[in-house]
Amino acid sequence: MSSKYEDVIIGLEVHIQLTNLKTKLFCSCNNDYRGKEPNTHVCPICLGLPGSLPVVNKNAVEFATRLALALGCDINKSFWFFRKNYFYPDMAKNFQISQYNKAGGRAFADGGKITIKLNSKKKELQLNRIHLEEDPARLVHKGSIATSPYALVDYNRSGVTLIEIVSDPVMNSPEEAREYLKQLKSIVQYTEISDLDLDGSCRVDANISIKGHARSEVKNINSFKEVERALKWEIQRQKNLLKRGKELIQETRHWDDKRRVTIGLRTKEFEKDYRYFPEQDLVPIEITKDFIDQVKKKLPEMPNARAKRFQKDYQLSEFDSEILVLDKDIADFYENGVKSEKSFGPDEYKQYCNWLMGDISRWLNDNNNVIKETKLTPKQLVDLIKLINEGKITGKIAKTFVNEMMKGTPILEIVKKSGKSRIADKDKIIKVVKEVLEENPDIVNDYQKNPKALEALIGKCMKKTDGRLDPEITKRLMQKHITEISAKNSSED
Amino acid sequence: MNIHEYMAFELIQKIKNKELQIQEIVQFYLERIKKTDNLIHSFVHISEEKALSEAKQKDNDLKNGKSIGKLYGLPIAVKDLICIKNSPTTCCSKILEGYYPPYNATVIERLIEKEGAICIGRTNMDEFAMGSSTENSCYGPTYNPWNLEYVPGGSSGGSGSSVASGQVIFSLGSDTGGSIRCPASYCGVVGLKPTYGRVSRYGLVSYANSLDQIGPLSRCVRDCALLLEIMAGFDPLDSTTVNVEVDNYTNELDKSIEGKTLGIPKEFFSEGLETDVKNKVYEGIKKLERLGVRTVEVSFPYLEYTIPTYYLIAMSEASSNLERYDGLRYGKMSDNLEGSVFDVFSRTRGEKFGPEVRRRIILGTYALSAGYYDMFYIKALKVRSLIKNDFQNAFKQCDVIVSPTMPTTAFKIGDLVDDPLQMYLMDVLTCPVNLAGLPALSIPCGFDSKNLPIGFQIIGNYFEEKLILNIGHLLEKELNIYRKLAPVNRGK
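Here the protein sequences come in this chain order: A and B.
Each residue of the first sequence is one higher than the one before, counting from 1 in this note's numbering.
Each residue of the second sequence is one higher than the one before, counting from 1 in this note's numbering.
Isolated chain B (complex conformation):
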């Protein structure tokens, strides 16, 4: 077996047993990125030298009996919108070209500084996380390693494709309306969006700050649980984190789920859902039933309002969050400095933001404007709480809710570029989870006729990450496809 075929928890064992050196592992992945990334384009920045020198240091420390943290120098890829001190963090936008944050995000402090993961590179994404296909990056698109003509999903496309193709053992993404789960689903990897407030957002560049969460992408649920255990928890630097004790997620993955109830929302299985997707998700549910769970139908009367609600809130918040990019303090300013300071601000923003970002800023600005605020933003907040109620009503009848992650498998690059509305509709099964602030896991549950992966979504109640990981892990074992790596080719 090659290094990239192992799971993270297995590699940790091998390092502990001195079967493998950290340098060998890091070197291997760097080589693999070099060989494959011209085809996939998962990475927008690779920190080869730094990664190798850290690996060497950690091998030495280990030899000298020093503790090097729970992650034992394993390489991790980080989405290009999580701040790493003195490392380029551009959100795949021209407006942040050349920006090096002077500080680490809290998750970076925990995963890298404290528990010893090594950041091997920054992954491609839709500019400022706005998109579901990673086509809106200023560096160009990422290609789905299962079939290079297809999108990897988005916005954390590079984080999904790099894990799926064995370029890295795990990665970090961020999820505002499905940005972790969509690429996890399209690339056939595990992706978790934690409860809002479970993981610190400090150092995560905001897209829509009432919805954003950082989460892990990995090849198996156990690795995902391992990362979450380290990332999660109260952070004094993020007022929206909640001081709820962090469960020991890895310890109870094999616990019996007999007697648990799965809620099956009929609205999540309605028209627009591809047959292959529907069938594979139902097969997954059957497998869980064999493990002793019961199923119950639950209802989401407000699901049809999800997309307008989500986009109104997300764009409104984005229009404000992205105001700070004017080129004055960091990033790039327009070369043409004629006119007033406001002319320069406008020109800079007009030149440096991509079309999707400009579209969302304009729509969000409009929605927050005097006279429209009540009609759009306030109304969206009201519907948001109705959608939350739908979930709370459902959780009275069940322990978790299961559904497809995405209504379809990956689409071809370029297919939806000119149809943003159709693209927005792809988020219909992931967005409600963000609106409610709930945790949700996506795990691969099979392939469609084109051999593209299908994602199975498990939604938990607040801070019930332990249960969804438990169920996800047992289903993953039953399905037993998780070791499959993407072939990195043009498909069959």
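In isolation and in its complexed conformation, chain A is listed as follows:
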């Protein structure tokens, strides 16, 4: 780890929408507000109309229990929702029903940890607590917030369940924070409580300080990807100030993701007094051991355990397994694929892993897509690897199939359509080899001093045939022919 961050202390508060719930936290309105006509998923409760009362969504409690178990938190046997009072135009009631761990209140669960690995060093990051709360409505501005002449309020989001995961101030670099979020995202995916790829499904507040100085809280970081960037910027800002002999003040700053800077609020802003107190419209919620046990039973294998099992079952390296299990859909895909083919052994397991983590992942990244949204099937990748291993196509050719495979086209059909089956016919290969040798006398000359020039010649052969030549045979024939030419040349000298 770079020494430039040694004195940095970071704590994160991550808000995750439980997008996999069907209904909101306190009413039966449809939870799925994305892309819907504004203010159509609303009722007296999520609009906060006078006289309406909240009723706790039991499934939200179950989801919170799943996450708490997956993170190894201590679940409180009973808790009471609290009101967090503040006026804001996105708040239907001008208070938010949340949880509080002071003033007689309790979080949903305390403690827990997330293990990260950075530069092959493992580190356990302690969590402080997790709790449930309701999402406010969505403010829609015309253009940027600063210049919009008005704000529109869409209450479709009002009352959607959020779960807040608060870490202790235990991270020492933006990279650690990035890894923390990567692991958290993975665990959330495994518990099936939320789809964090959905826009706006997570928001992060970060507390950042340089040891011995006042901390700032950076709010409004609206995606995991932005966190590392925001942290780096804020740390630099703090260090620059210190370098210039200035002292830092405790303050709340906003992350402006357009300008990519943190902005301090005017000094007029003071520490907010939320006047937390118990929500009397709800009764204490009891979480029994029986309930926890039932949830535990339904919980799938978590990524850490799965990575260990992958090492054992598929003889993958620790490194490969840990990356492979990170995305549950990829890991599921992997297992479906390798288990479906009885003839597969450790070599194929590794090959399959390489394909998923290499070309397939690259394609997904480039196309900003996720595996379950594509038509790629585990079977296609099995077929592909079999064709390569049987020598029917070359690895190089196989790589050119990725685009077509993602559309779900069966491998054999792709091979047929492309006419790119492997060329193993000796005569055909010799013809190409001879052509290349004739066309490239310079490289042939170079070969005398530099045997590596052989690779360059083979590359030329492949280029001529779209990579269809069998690499082994081509190499052997090229070697044979170039040696012959060399011998001839030297005898003529």
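Please note that a few of the clues may not be correct.
[Claimed, not checked] Looking from chain B toward chain A, a few residues come up when the C-beta cut is under 7 Å (computed):
{"hint": "1", "residue": "Y103"}
{"hint": "2", "residue": "L204"}
{"hint": "3", "residue": "Y372"}
[As the list claims (entries may be wrong)] A few chain A residues that don't get close to chain B, going by computed Cβ distances all over 10 Å:
{"hint": "4", "residue": "G35"}
{"hint": "5", "residue": "G51"}
{"hint": "6", "residue": "S52"}
{"hint": "7", "residue": "N85"}
{"hint": "8", "residue": "N94"}
{"hint": "9", "residue": "Q280"}
{"hint": "10", "residue": "E286"}
{"hint": "11", "residue": "A456"}
Just so you know, these hints were derived from the structure itself, not from any lab.
All values derive from a computational prediction rather than experimental measurement.
Cβ atoms here follow ideal geometry from the backbone N, Cα and C, with glycine treated the same way.
Take the given structure of chain A and dock chain B to it, following the hints.
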């Protein structure tokens, strides 16, 4: 006998026997409201057309042999803070001017939609139920029909005065610190505050949500029992309702109470109590003794802390409950939209809330603020549980507790307007019941020298509504003054 002189259970019989049509009854009450309400001002909104057309429909349904529910189209008046779909519900506050809720409160679903009562109008109240006199309404005060110079009590003043003067057969109120029992006492009608969690609060606009309950006001205990039977019970829309079976309250009203023990809390009969009130309540106790009950003195060492405890909790909760009124989604916003959204919120709230509401919001906000929370709110919760303990200790020795409902009879309009503290002290005998979450009934037990009614309070243990109604009904029969209607004049 005129229609308004009958009790609800008698009118139901007459409708069943086809002696009276629902339309006649509704028409009669509407006429009577027109004739008297310029003097009393019980109503802030009258639904004449809707009430008449519903009455007509119900008469037709009845003729065609259709079931029209247990309440047979009887007119009911509803306090202006219980939501009725598409009917103005303003809590007698300017901030909710023009607000029509898009949904029915659960009690409205049960009484009106299911059992066929007809809402004839909305009754006046202290703004957001904050007050004991109905003087804090944005529509102006209600006048006590026994003497128009006096207050009807509050906050459900219009619900009390309308029943007392025969403008309607029964009404709904809400009781946070005595808001049903106070007007019942001052207006000489029956009022019941049920156990907290017995009646759904869904659709009741919150004042102090850990204390609020909806309850009936009526001219006799039997009518009160009839309404409660329909209103009470678990509601999935209100998490604070309790899934305890609802008793058949009307069936056991005449059951013997011999051998029951009345607890008489000496602290409820101490200084500040008017002599007439004290005497009439003791007469009531004597009558019950003749029916075979025993009496025992019980003690409430923490009663003196009731008022500060009650007001701290109520105002704290109110400060939060009333945050939603900013003019953005419903109700009225200030005409002056200058400045930030927060400026507009503040201006709207400053302009549209009345002085008593503003006072309570400010005090409650203060009590919940960082640094004061432990000193005020948490402490108040602790005293609240001590007061609960007082009751539980008392109920070890007795079946019900009896006391005056109010320490005095009604006071003159304007007398306490400038002395909020004195006004708060009037709630000393009703508030502890809300703090403990217990049920309590107030029935008229006589009149003072000014011919103003006196209320007799019967407090039961949790979910013991059946017993307090039973005792109340038998006492009412013994006293035999319940048919008296308020004269609607300036008194003698």
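How the hints compare with the structure:
no.	hint	verdict
1	Y103	holds, 5 Å
2	L204	holds, 6 Å
3	Y372	violated, 10 Å
4	G35	holds, 23 Å
5	G51	violated, 4 Å
6	S52	violated, 7 Å
7	N85	violated, 5 Å
8	N94	violated, 4 Å
9	Q280	violated, 4 Å
10	E286	holds, 13 Å
11	A456	holds, 69 Å
Of the numbered hints given earlier, the model fails hints 3, 5, 6, 7, 8 and 9; all others are met.
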